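Peer 1: Sequence:
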Amino acid sequence: MITGAGSGIGRAIVLELIHRKVPCCLIGRTMSKLEEIARSAREAGVECIPKAVDLGAPEAGTVLGEEIRASGRPVHLLVHSAGAIRRSLLEESTVAEFEALLAVNLVAPYALTKALLPLLHASKGQVVFVNSSVVHYPAAGVVQYAATKHALKGLADGLRQEVNARGIRVLSVYPGQTATPLQQSLYAAQGRPYKPENLLQPEDVARALVQAIAMPYTAEITDLMIRPAVKG
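So for the sequence shown, this note's numbering puts the first residue at 1; every next one is plus one.
Everything labelled a hint here was simulated from the structure, so no lab data went into it. Model, not experiment: these values are computed from the prediction. We put the CB at the ideal spot given by N, CA and C, even for glycine. Any given hint could be a false lead.
Straight-line alpha carbon distances no greater than 25 Å define the calculated BS3-like cross-link-like pairs of lysine-lysine that follow [unchecked claim]:
hint, residue 1, residue 2
1, K33, K51
2, K114, K51
3, K124, K21
4, K124, K114
5, K153, K124
DEER-style ranges, computed between Cβ atoms [as the list claims (entries may be wrong)]:
hint, residue 1, residue 2, range
6, M31, H150, 28 to 38 Å
7, S123, E197, 21 to 31 Å
8, K21, Q201, 42 to 52 Å
9, H76, A96, 31 to 41 Å
10, K231, A57, 33 to 43 Å
11, E43, L90, 12 to 22 Å
Work out the full structure, taking the sequences as your base and the hints as a guide.
Peer 2: What follows is the structure, encoded as structure tokens:
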């Protein structure tokens, strides 16, 4: 199950899993994007179920989790790739903007993970949180976003201590700047030239993530830092 599956890193993760013949549940805001991926998966002989959900809506994570549990399907892997960002100085920002970021970046992953824990326990599954390098490299203008990502790190680290003994692995991935539509919009808002060839590619992140979760169960990769090869 992958959130943010319609574009960017989430989409790349889905395509990498499809390549490995892994059936997926695709969660995103735009059904047309999810259906396009699902059609490609079916052509490759892999089942993918698209499900349009706005994770910024109240109770969205809880409701989605309950629907998945009611379906009776097992869940072996839960990847939180959906995310939102807004650039503004703290003094110019609003509490409402911060709460909107919290809803997508923290509350939804928390609620969805909580709802699906029984299924993950049953399958001895894995949970992946796609975080951000902003946790380790703070920057002005993204204080609200950074705060949500620091909290997401705390959620992942604490969850790992609670569920490892029951066979669940928890991975946090910290990509640097990645060539996604969201990153392009951020460059445009700042009036900076966008050169995607100098950034991480979504496929780079997806490949590293899938390799990490494919490790034998005698090992656990807890944190994965990925940065563009071109610095500065």
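Peer 1: If a hint holds in the structure, say so; if it doesn't, say that too.
Peer 2: The hints, checked one at a time:
1. For the given pair, K33 sits about 10 Å from K51 by alpha-carbon distance, which is consistent with the 25 Å threshold.
2. The suggested pairing of K114 with K51 holds, with an alpha-carbon distance near 19 Å, which does not exceed 25 Å.
3. As the CA atoms of K124 and K21 are separated by approximately 20 Å, the hinted pair is consistent with the 25 Å bound.
4. The straight-line distance between the Cα atoms of K124 and K114 is roughly 15 Å, inside the 25 Å bound, and the hint therefore holds.
5. A threshold of 25 Å between alpha carbons decides the hint, and for K153 with K124 the separation of about 21 Å falls inside it, so the pair holds.
6. In this structure the supplied range 28 to 38 Å holds for M31 paired with H150, their Cβ-Cβ distance being about 32 Å.
7. At roughly 39 Å, the beta carbons of S123 and E197 sit outside the given window of 21 to 31 Å.
8. In this structure the hint that K21 and Q201 lie 42 to 52 Å apart at CB is violated, the actual value being about 23 Å.
9. Checked against the hint of 31 to 41 Å, the pair H76 and A96 passes, with Cβ atoms roughly 37 Å apart.
10. K231 and A57 have their C-beta atoms about 38 Å apart, which keeps the hinted 33 to 43 Å range intact.
11. The hint said 12 to 22 Å for the Cβ distance between E43 and L90, and at roughly 48 Å that hint is violated.
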